[in-house]
Structure formats: structure tokens, C-alpha cells
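A.B. asks: Protein sequence lines, in the order shown, are assigned to chains A and B.
The opening position of the first sequence corresponds to residue 1 in the numbering used here, with each subsequent residue numbered one higher.
The opening position of the second sequence corresponds to residue 1 in the numbering used here, with each subsequent residue numbered one higher.
Be careful, since some hints might not be right.
Claimed, not checked - What follows is a set of in silico ranges between Cβ atoms, one per label pair, in the way DEER data are often shown: (1) B:LEU46 <-> A:LEU51: 21 to 31 angstroms; (2) B:LYS58 <-> A:VAL115: 39 to 49 angstroms; (3) B:ASN53 <-> A:PRO8: 37 to 47 angstroms.
Simulated from the structure, these hints should not be mistaken for lab results.
We treat Cβ as the ideally placed atom computed from N, Cα and C, and that holds for glycine.
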Amino acid sequence: ETGVTQTPRHLVMGMTNKKSLKCEQHLGHNAMYWYKQSAKKPLELMFVYSLEERVENNSVPSRFSPECPNSSHLFLHLHTLQPEDSALYLCASSQFTGLGTSGYTFGSGTRLTVV
Amino acid sequence: GENVEQHPSTLSVQEGDSAVIKCTYSDSASNYFPWYKQELGKRPQLIIDIRSNVGEKKDQRIAVTLNKTAKHFSLHITETQPEDSAVYFCAASVAGYSTLTFGKGTMLLVSP
């Protein structure tokens, strides 16, 4: 399989649950990202991993915890979420050189509903 | 950090008309400007991009122009079709960094 794959596609969880989102890229890219997309809002950058090191964390609440075990896999661990965390969570990857990034390839996203 | 402004937020055109979406950026060190199309319920997909050493790039009915002096870039779609209806995002990245800063998006509606 090629591209960026996200699982699950849909997730409904209670506020006390713990769940994880998974992202896998088959493009040989060296940078991976988590974005949050809410209704009528722009894409919000959550986390950036470049060469498997977290390089950016945009003031994301600690109830979201990323993990990047290798350059092909990215996880987002969720616990004690709030209803306002309901959104589409998009994973993306790109090839980063010292000069800058290539275009991002996005996964299909996980539609998260917190009840 | 970089700030990207995108206008308009909504654009309605008749099939066959042209559509133009404009973005401005704040950081003169930005050197990469992609455009993404996101159809309803689908992932954002890269449709065209331009780097700062080029002023214009065209791919069939889609073109992007860049004015580095004014720090703005635009997406031009000619002969629009109903399947062009989607949300379009512009983005910019600063040289040496991997992160893209996105605009807020433009919902393009093409009526038959």
C-alpha cells in the first residue's frame, strides 16, 4: 500500500476512555505531522516529528500524547478527552531537507467524537 | 512566526467562469507555497505548488502566481467545472523548516 494510512477512520469514545490513533506512511518521508481540523476552522498544527524527533508542540493539552517510534509510524494517544476535542485528526508526511519541506501528503483522517 | 491570510472565505462562480483565490504571507524567508484541495469528507490533496525562485506555474486549468515583493500568491482556476467545488487551502513554509502554515481556506462553489 502506498501513501499515508490512518486508522481507525471513525472513533467514538467516552471522556474517561484511552484510545490511540495510528498513522503509517509508505513514502520514505522523514517528517510526520498531526493536525486537528474542526468544523469551520483552519487546519491546526498539533505536533511535528522530523527525523523521529519532536520539533514542535503547539501548546497542545497533555491529554494528547504523540509517539513516533520510527520514521514510518506516528501515534496519537488520547486520554480523558473533552467534547470539544471532537474533530477530524489528520496525519501528514513530507520530505524535509535543510532547505525546507516538500509538499505534504495527508492521510484520510480519523473522525473522532467524544461523548 | 509565519502568518498566512487567505481571501475570500467563500467564492461562488458559474460553470465556465474563472476563480481566483488570494493569500498573503508575513515572513519574507518563506520559500515554498503549495495549494491543497479538500473535497467534502476527503483528505486535503496537493494540487499545485511553487517555490520562491519562480514567479508563475501552470498545470492545465490551474495556475499559481507569486509576488515576492508584495508577499502574496494566488491560485487561478480557469473554465471552472462543478467538480472543482471544494475547500482550497494555501500554505507557506519558511526556508529551513519543515512546517507549513495554512490559510483558513476558501470554499469554492461552482454552479452548473
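A.B. asks: Looking at the structure, which of the earlier hints fail to hold?
C.D. replies: none
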